[in-house]
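Protein chains: 4
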Amino acid sequence: MSNAQAGDLVLLISDDRKRFLIRLQHEGEWHTHRGLLRHDDLIGQPLGRTVRTQIGHPFLALEPSTHDLIQQLRRVTQIIFPKDAAYIVMRLNCYPGRRVVEAGTGSGGLTLALARAVMPGGRVYSYEEQPRMLDLARRNLQRAALLDYVELKGRDIAEGFDEQDADACFLDLREPWRYLAQARAALKPGGFFGSILPTANQVSELVAALEQHGFVEIEVEELLLRPYKPIAERLRPTDRMVAHTGYLVFARAVAVEDAAAWRYRDPKHGVPKGSEE
Amino acid sequence: MSNAQAGDLVLLISDDRKRFLIRLQHEGEWHTHRGLLRHDDLIGQPLGRTVRTQIGHPFLALEPSTHDLIQQLRRVTQIIFPKDAAYIVMRLNCYPGRRVVEAGTGSGGLTLALARAVMPGGRVYSYEEQPRMLDLARRNLQRAALLDYVELKGRDIAEGFDEQDADACFLDLREPWRYLAQARAALKPGGFFGSILPTANQVSELVAALEQHGFVEIEVEELLLRPYKPIAERLRPTDRMVAHTGYLVFARAVAVEDAAAWRYRDPKHGVPKGSEE
Amino acid sequence: MSNAQAGDLVLLISDDRKRFLIRLQHEGEWHTHRGLLRHDDLIGQPLGRTVRTQIGHPFLALEPSTHDLIQQLRRVTQIIFPKDAAYIVMRLNCYPGRRVVEAGTGSGGLTLALARAVMPGGRVYSYEEQPRMLDLARRNLQRAALLDYVELKGRDIAEGFDEQDADACFLDLREPWRYLAQARAALKPGGFFGSILPTANQVSELVAALEQHGFVEIEVEELLLRPYKPIAERLRPTDRMVAHTGYLVFARAVAVEDAAAWRYRDPKHGVPKGSEE
Amino acid sequence: MSNAQAGDLVLLISDDRKRFLIRLQHEGEWHTHRGLLRHDDLIGQPLGRTVRTQIGHPFLALEPSTHDLIQQLRRVTQIIFPKDAAYIVMRLNCYPGRRVVEAGTGSGGLTLALARAVMPGGRVYSYEEQPRMLDLARRNLQRAALLDYVELKGRDIAEGFDEQDADACFLDLREPWRYLAQARAALKPGGFFGSILPTANQVSELVAALEQHGFVEIEVEELLLRPYKPIAERLRPTDRMVAHTGYLVFARAVAVEDAAAWRYRDPKHGVPKGSEE
Numbered sequence: 001m002s003n004a005q006a007g008d009l010v011l012l013i014s015d016d017r018k019r020f021l022i023r024l025q026h027e028g029e030w031h032t033h034r035g036l037l038r039h040d041d042l043i044g045q046p047l048g049r050t051v052r053t054q055i056g057h058p059f060l061a062l063e064p065s066t067h068d069l070i071q072q073l074r075r076v077t078q079i080i081f082p083k084d085a086a087y088i089v090m091r092l093n094c095y096p097g098r099r100v101v102e103a104g105t106g107s108g109g110l111t112l113a114l115a116r117a118v119m120p121g122g123r124v125y126s127y128e129e130q131p132r133m134l135d136l137a138r139r140n141l142q143r144a145a146l147l148d149y150v151e152l153k154g155r156d157i158a159e160g161f162d163e164q165d166a167d168a169c170f171l172d173l174r175e176p177w178r179y180l181a182q183a184r185a186a187l188k189p190g191g192f193f194g195s196i197l198p199t200a201n202q203v204s205e206l207v208a209a210l211e212q213h214g215f216v217e218i219e220v221e222e223l224l225l226r227p228y229k230p231i232a233e234r235l236r237p238t239d240r241m242v243a244h245t246g247y248l249v250f251a252r253a254v255a256v257e258d259a260a261a262w263r264y265r266d267p268k269h270g271v272p273k274g275s276e277e
Numbered sequence: 001m002s003n004a005q006a007g008d009l010v011l012l013i014s015d016d017r018k019r020f021l022i023r024l025q026h027e028g029e030w031h032t033h034r035g036l037l038r039h040d041d042l043i044g045q046p047l048g049r050t051v052r053t054q055i056g057h058p059f060l061a062l063e064p065s066t067h068d069l070i071q072q073l074r075r076v077t078q079i080i081f082p083k084d085a086a087y088i089v090m091r092l093n094c095y096p097g098r099r100v101v102e103a104g105t106g107s108g109g110l111t112l113a114l115a116r117a118v119m120p121g122g123r124v125y126s127y128e129e130q131p132r133m134l135d136l137a138r139r140n141l142q143r144a145a146l147l148d149y150v151e152l153k154g155r156d157i158a159e160g161f162d163e164q165d166a167d168a169c170f171l172d173l174r175e176p177w178r179y180l181a182q183a184r185a186a187l188k189p190g191g192f193f194g195s196i197l198p199t200a201n202q203v204s205e206l207v208a209a210l211e212q213h214g215f216v217e218i219e220v221e222e223l224l225l226r227p228y229k230p231i232a233e234r235l236r237p238t239d240r241m242v243a244h245t246g247y248l249v250f251a252r253a254v255a256v257e258d259a260a261a262w263r264y265r266d267p268k269h270g271v272p273k274g275s276e277e
Numbered sequence: 001m002s003n004a005q006a007g008d009l010v011l012l013i014s015d016d017r018k019r020f021l022i023r024l025q026h027e028g029e030w031h032t033h034r035g036l037l038r039h040d041d042l043i044g045q046p047l048g049r050t051v052r053t054q055i056g057h058p059f060l061a062l063e064p065s066t067h068d069l070i071q072q073l074r075r076v077t078q079i080i081f082p083k084d085a086a087y088i089v090m091r092l093n094c095y096p097g098r099r100v101v102e103a104g105t106g107s108g109g110l111t112l113a114l115a116r117a118v119m120p121g122g123r124v125y126s127y128e129e130q131p132r133m134l135d136l137a138r139r140n141l142q143r144a145a146l147l148d149y150v151e152l153k154g155r156d157i158a159e160g161f162d163e164q165d166a167d168a169c170f171l172d173l174r175e176p177w178r179y180l181a182q183a184r185a186a187l188k189p190g191g192f193f194g195s196i197l198p199t200a201n202q203v204s205e206l207v208a209a210l211e212q213h214g215f216v217e218i219e220v221e222e223l224l225l226r227p228y229k230p231i232a233e234r235l236r237p238t239d240r241m242v243a244h245t246g247y248l249v250f251a252r253a254v255a256v257e258d259a260a261a262w263r264y265r266d267p268k269h270g271v272p273k274g275s276e277e
Numbered sequence: 001m002s003n004a005q006a007g008d009l010v011l012l013i014s015d016d017r018k019r020f021l022i023r024l025q026h027e028g029e030w031h032t033h034r035g036l037l038r039h040d041d042l043i044g045q046p047l048g049r050t051v052r053t054q055i056g057h058p059f060l061a062l063e064p065s066t067h068d069l070i071q072q073l074r075r076v077t078q079i080i081f082p083k084d085a086a087y088i089v090m091r092l093n094c095y096p097g098r099r100v101v102e103a104g105t106g107s108g109g110l111t112l113a114l115a116r117a118v119m120p121g122g123r124v125y126s127y128e129e130q131p132r133m134l135d136l137a138r139r140n141l142q143r144a145a146l147l148d149y150v151e152l153k154g155r156d157i158a159e160g161f162d163e164q165d166a167d168a169c170f171l172d173l174r175e176p177w178r179y180l181a182q183a184r185a186a187l188k189p190g191g192f193f194g195s196i197l198p199t200a201n202q203v204s205e206l207v208a209a210l211e212q213h214g215f216v217e218i219e220v221e222e223l224l225l226r227p228y229k230p231i232a233e234r235l236r237p238t239d240r241m242v243a244h245t246g247y248l249v250f251a252r253a254v255a256v257e258d259a260a261a262w263r264y265r266d267p268k269h270g271v272p273k274g275s276e277e
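Chains as they are written, first to last, in the numbering used here: chain A, 1 to 277; chain R, 1 to 277; chain G, 1 to 277; chain W, 1 to 277.
Some hints here could point you the wrong way.
Same chains, same names: a pair is fine if it fits in one copy or spans any two.
[Unchecked claim] Straight line, CA to CA, 20 Å or less: simulated SDA-like cross-link-like pairs of lysine to any residue:
no., residue 1, residue 2
1, Lys153, Arg17
2, Lys229, Met241
3, Lys229, Glu219
4, Lys229, Arg240
5, Lys229, Trp177
Just so you know, these hints were derived from the structure itself, not from any lab. This one's a predicted model, so the numbers in the text were calculated from it and none came from an experiment.
Given only the sequences and the hints, what does the whole structure look like? Please build it.
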């Protein structure tokens with residue numbers, strides 16, 4: 001049985017495709033400019049159907065996915081996009097039971113995806129120095145019922161993470177290259193490192209610093225999501241798309257004395273224009 | 001403590017960047033043309049370091065990620081790429097405790113990613129009609145220690161899935177549009193549907209059929225992964241990349257009588273060349 | 001000497017980066033909400049500098065490129081983007097002296113690029129059945145001083161092109177597959193064929209029809225233009241980009257009896273996911 | 001009439017899709033491991049048809065396009081790809097009668113495209129310091145019958161170009177930022193500047209230097225060409241594609257005292273992840 005229950009998050013979609021998240025509670029009411037929706041009309045009923053406000057406006061009621069939760073996050077800065085969050089979760093090998101450290105928390109979008117992946121036995125330790133952001137992230141995680149799997153810490157990581165032997169470490173900071181010693185200290189030997197950066201200049205700085213700090217298997221990647229208009233007889237990409245969310249950088253922490261031997265070497269075969277230098 | 005133990009999977013990387021997966025066992029030996037490696041040299045020791053064969057050849061020993069496991073899969077057909085698998089896991093809302101049905105299993109690459117996401121409490125029910133493929137998938141899942149979370153079923157799904165009220169359903173079949181009634185019957189109301197298809201013609205067929213079968217929130221997307229050479233002072237994309245792995249199609253199963261109202265409507269604003277029809 | 005002269009087109013860019021095209025004439029005046037600019041202040045002077053209205057507002061005065069002309073085109077429908085126009089010119093082998101037939105003209109954006117390429121000795125024969133569009137295209141070409149190299153014809157091409165032995169033929173029509181006999185009749189043996197189409201369904205139809213009509217060397221391509229923010233210390237792609245302008249289809253007209261032997265054959269090596277069918 | 005004549009270049013395609021360029025001459029013979037082809041069997045005949053060697057092997061005979069000529073270039077280094085060459089021609093506003101300076105010539109691929117665009121009245125002045133490269137470029141341009149429109153100069157440009165008041169300048173050098181004074185001196189006021197660079201680091205250096213040297217309207221772009229398998233009933237992108245040919249940089253030379261006012265300013269609206277800095 002999968003009927004909606006008190007405490008569940010529900011995604012409501014209006015007929016002009018606006019999306020809203022509500023948490024069901026007995027005798028709760030959701031007020032909208034299209035009328036009022038009683039939570040008790042949803043509780044105990046299946047989702048995946050149209051519900052109507054008392055003045056007849058339709059909403060499609062659905063269970064929200066992690067993808068929806070990230071997109072509906074309350075935010076003051078930009079968030080990590082779901083396509084990137086999903087890929088980071090896999091690249092950092094986050095699965096039930098794992099322990100991950102993260103800085104900074106931001107609005108908590110990636111934290112949410114990480115928590116969903118490592119729950120119930122794992123933990124996300126997330127650091128954020130701005131109290132306003134930390135507060136926002138806490139509310140976002142609470143709304144998603146994931147706060148139990150996250151420890152939020154209101155400070156920067158200059159003095160280091162509290163954790164050791166973490167399985168993975170993700171740095172979403174402007175200058176992650178300044179915190180690689182801290183990342184290493186928190187990670188278990190061979191642990192997974194990741195970062196996301198908006199500019200190529202930052203990627204260059206981080207890659208250089210990772211090599212100096214004994215990280216290997218350094219990989220830089222971008223994910224481009226191209227949406228299509230879902231029209232069977234006129235299938236085509238949408239007119240516009242997001243061109244850039246961030247460069248993703250991944251690496252593994254290895255014994256410092258071993259790192260030099262495993263540096264990246266350019267294969268140099270089949271090189272196009274300009275690769276000759 | 002995170003030292004390697006008997007039973008662990010270990011990724012070994014040679015100095016020409018070839019990658020091998022072994023499962024540690026007491027007194028085990030790994031024979032390679034570069035010499036012999038004793039498992040007992042790894043057991044009880046930290047990973048993230050260089051190990052050497054008895055004739056001195058170095059290998060980097062690392063814990064494999066889900067990403068690595070998918071890439072190292074034994075396969076007879078092509079597999080779903082990690083970037084797509086990670087995104088499918090999130091779009092289908094697969095997290096610990098969820099129940100997912102899948103057809104066909106293929107080599108088990110997506111099955112592996114789904115199992116990692118829904119374990120320990122959830123289950124993947126995966127159907128594959130070719131005995132040879134099913135066998136391969138079983139061995140791949142066993143090697144990844146994920147078989148406990150998967151029920152493999154050796155038949156096609158023409159007669160339907162055994163499961164009901166599943167949270168999500170993924171069809172990796174040549175003609176998924178023929179099995180949408182079965183998908184609906186297996187899914188809970190509002191459940192998550194996904195598919196991957198190589199050709200645009202198939203996408204058109206599937207989108208049309210999804211609309212006829214009461215699926216809404218249909219989305220068609222592609223993920224392009226662009227790798228960079230990780231060289232700080234000469235940052236640039238690699239020379240070549242994978243241009244196409246598959247079109248991803250997602251949808252939600254809703255009450256059939258409600259579906260028509262929630263069909264995709266083309267916004268038609270800011271449309272480029274040719275959209276006038 | 002390359003000072004601006006009466007009759008020249010000049011691109012004026014305001015300090016909020018709006019772009020305007022004017023044609024210089026003695027005693028001409030350009031009225032803008034930022035004041036008045038006298039053409040005689042530009043005539044006889046070099047371009048590439050700031051000019052000011054009589055109330056002091058600055059404009060950057062530049063020679064417009066073909067790229068600028070296409071972007072500044074007066075249009076009622078969407079135009080072919082400069083990136084596509086440039087590539088079509090090269091793929092159709094349009095250079096000085098060549099003869100090209102085109103249908104339909106639309107706003108004349110591609111016509112303009114083709115005319116620039118084949119002038120002075122070549123000609124573009126461009127067909128458009130909508131009088132309103134033909135008129136617009138004529139004014140656009142006149143403004144660009146390219147009308148001398150174009151013959152505009154106000155009819156559809158169902159009854160065929162007037163021309164024979166043309167070097168190239170481009171069809172920018174909704175159903176180009178209906179006019180391939182006409183295209184063949186206009187082209188010289190081995191002539192260059194091109195088309196641009198917004199949807200994958202149309203591409204499938206056109207590819208099938210091209211094979212039936214004795215076209216070979218069929219190629220389907222897309223060009224994606226990714227712009228970057230030109231900031232030296234923070235280099236990164238722009239936030240959004242155009243995701244789709246059109247699928248480009250190119251082919252060569254060969255002797256009908258020879259065509260079957262030169263059909264596309266799928267190489268089938270190194271095939272990813274799903275290519276097995 | 002468009003039959004092949006002595007002196008024409010002809011593209012021959014074998015049935016395993018290998019491509020060869022030959023120049024027709026009376027009594028000429030083309031020897032291949034598939035037999036001998038007499039030029040006189042082609043001269044005076046239409047192209048766009050199958051021709052056979054004396055032992056019966058078929059070749060498709062076609063007129064080569066500029067695109068084909070670039071792809072068939074004899075080269076020792078990588079060449080500028082046709083998609084980029086076509087776009088550069090348009091961005092630099094190269095059309096019949098224009099004067100363009102270029103350094104370095106390399107194998108002459110872009111030179112060829114520029115010459116085709118500015119002929120018959122225009123000229124390309126192309127500088128190359130390596131005698132071996134210059135020689136190769138000369139032979140490539142001669143084979144394409146374009147040498148009449150090009151002046152090849154065997155020296156580097158440290159001491160400047162010989163030309164002044166050029167319409168456009170293209171630098172295909174490893175460190176183009178060292179030659180911007182020379183580029184300015186060669187260009188007319190407002191002239192068009194372009195460059196292609198493989199790495200992001202180089203782009204940063206060039207953008208900074210362009211601003212210092214009074215260039216404005218700086219644009220950085222990439223063109224990605226995505227090819228499809230031209231199969232009507234199974235339309236899909238190819239498995240792999242070229243991921244990177246080069247970053248394209250364009251700018252305009254303006255009066256130095258005016259340049260600062262027209263610098264790029266980041267619009268900062270709708271910015272994604274990370275753009276906050």
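**OP:** Please work out whether the CA atoms of lysine 153 and arginine 17 approach to 20 Å or closer within one copy, between two copies, in both situations, or in neither?
**Re:** neither (37 Å within a copy, 39 Å between copies)
Original post:
Is it within, between, both or neither when you check lysine 229 against tryptophan 177 at 20 Å Cα-Cα?
Top reply: between (40 Å within a copy, 18 Å between copies)
**OP:** Check lysine 229 against methionine 241 for me: Cα-Cα at most 20 Å, and say if that holds within a copy, between copies, both or neither.
**Re:** both (12 Å within a copy, 16 Å between copies)
**OP:** Since the copies are identical, ignore which copy is meant and state whether lysine 229 and glutamate 219 lie within 20 Å (CA to CA) inside a copy, between copies, both or neither.
**Re:** between (32 Å within a copy, 8 Å between copies)
**OP:** If the cutoff is 20 Å on CA atoms, where do lysine 229 and arginine 240 land: within, between, both or neither? Let me know, please.
**Re:** both (11 Å within a copy, 17 Å between copies)
Taken one by one, the earlier hints fail for this structure only at number 1.
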